[in-house]
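**Q** From just these sequences and the hints, can you work out the full model?
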Amino acid sequence: MNVQDKPAREILKFGYETDGGIAARARLGLVVLASDHTIEHECRLILAQTPGVAMYHARIENDPEITPQTLKDMEARIVPTANLLLPGMPFDAIGFGCTSASMVIGRDRVSALLQEARPEAAPTNPVTAAFTAFAALGARRIAVLTPYSDIVNEGIRSYFEDGGFEVPVMGSFKEPNDNVVARITPKSIAEASIALAATGGVDAVFVSCTSVRLVEAVAELEKKTGLAVTSSNHAIAWHMLRLAGIDDRLPQFGRLFTLGLENI
Numbered sequence: 449m450n451v452q453d454k455p456a457r458e459i460l461k462f463g464y465e466t467d468g469g470i471a472a473r474a475r476l477g478l479v480v481l482a483s484d485h486t487i488e489h490e491c492r493l494i495l496a497q498t499p500g501v502a503m504y505h506a507r508i509e510n511d512p513e514i515t516p517q518t519l520k521d522m523e524a525r526i527v528p529t530a531n532l533l534l535p536g537m538p539f540d541a542i543g544f545g546c547t548s549a550s551m552v553i554g555r556d557r558v559s560a561l562l563q564e565a566r567p568e569a570a571p572t573n574p575v576t577a578a579f580t581a582f583a584a585l586g587a588r589r590i591a592v593l594t595p596y597s598d599i600v601n602e603g604i605r606s607y608f609e610d611g612g613f614e615v616p617v618m619g620s621f622k623e624p625n626d627n628v629v630a631r632i633t634p635k636s637i638a639e640a641s642i643a644l645a646a647t648g649g650v651d652a653v654f655v656s657c658t659s660v661r662l663v664e665a666v667a668e669l670e671k672k673t674g675l676a677v678t679s680s681n682h683a684i685a686w687h688m689l690r691l692a693g694i695d696d697r698l699p700q701f702g703r704l705f706t707l708g709l710e711n712i
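For what it's worth, the numbering used here labels the leading residue of the sequence shown as 449, then goes sequentially.
What the hints contain is simulated information worked out from the structure, not anything from laboratory work. The structure presented is a predicted model; accordingly, all values stated were derived computationally and were not measured. All residues carry an ideal CB built from backbone N, CA and C; glycine is no exception. The reader is advised that the hints may include incorrect statements.
Here are the in silico distance ranges between beta carbons for each label pair [claimed, not checked]:
(1) Glu639 x Gly603: 24 to 34 Å
(2) Ala667 x Lys622: 22 to 32 Å
(3) Asp696 x Glu523: 31 to 41 Å
(4) Lys454 x Gln700: 55 to 65 Å
(5) Thr706 x Phe462: 42 to 52 Å
(6) Leu493 x Lys454: 30 to 40 Å
(7) Thr466 x Pro535: 16 to 26 Å
(8) Gln563 x Gln517: 21 to 31 Å
(9) Glu458 x Glu568: 34 to 44 Å
**A** Right under this line is the structure:
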């Protein structure tokens, strides 16, 4: 006897109710580098404090060796990767999770590509988020710490200056491999951040690269330096929340998370 010949047996049908799900307040989408170890973890730390907000990720193919060309190569992949995020479901905000690629491709171009895939969602990236964060914090003179090689570092300095910010001091671990960057210890990052802040004449410290771990240390670093501190992951998480209309104040993550877009 095959399946078709078996007598039909009743399967009980139950009624059900629906609610807003885990994204009842906001649905965020994030395009993450295939080589990134850190951004999802750091965003989860923050979103754990914002019930009803969910973030969904899609991984974009990239080369773990960070050069201007490997960064530029991602441009054509942004739209198809963003289209993988919950097809058919609307998003409130969407981000592209690469700081240096957002500069090489251009932050406005990145936003346009994200909106091509998700026209209903407010777009951002770590550079746009950082510049917005600096405005909210009232910071113009930025100490910048990166893990990158000098060819990428010089591009970052120029990009910040072209954006209207001063970079009086800059430091780097000069490590081009994303898989190594993700293992740079929080202690090393904190010590370098404090050293840059100690040079004086700056309003804030920015730690670039979504593979770098900083979110849990921001509030303590602000106490030690007396300066505003943010990073690629810290800034993009804040900006996506604010773009999505989530205005929760989370002082445990530092000064930026006590501010909203109205502070700009």
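**Q** The structure should be examined with respect to each hint, and the outcome stated for every one.
**A** Going through the hints against the structure:
1. In this structure the supplied range 24 to 34 Å holds for Glu639 paired with Gly603, their Cβ-Cβ distance being about 25 Å.
2. A C-beta distance of roughly 28 Å is found between Ala667 and Lys622, which places it inside the suggested range of 22 to 32 Å.
3. Remark: the range hint 31 to 41 Å for Asp696 to Glu523 is upheld by a beta-carbon distance near 33 Å.
4. Separation of Lys454 from Gln700 is about 59 Å and conforms to the stated range, judged on CB atoms against 55 to 65 Å.
5. One distance hint, 42 to 52 Å for the beta-carbon pair Thr706 and Phe462, holds here, with the actual separation near 46 Å.
6. The hint said 30 to 40 Å for the Cβ distance between Leu493 and Lys454, and at roughly 52 Å that hint is violated.
7. Between Thr466 and Pro535, the C-beta spacing of about 19 Å keeps the proposed range 16 to 26 Å intact.
8. Range check, Gln563 to Gln517: about 25 Å between beta-carbon atoms, so the 21 to 31 Å window is met.
9. Between Glu458 and Glu568 the beta carbon distance is about 42 Å. The supplied range of 34 to 44 Å therefore holds.
The earlier numbered hint that this structure contradicts is number 6, and it is the only one.
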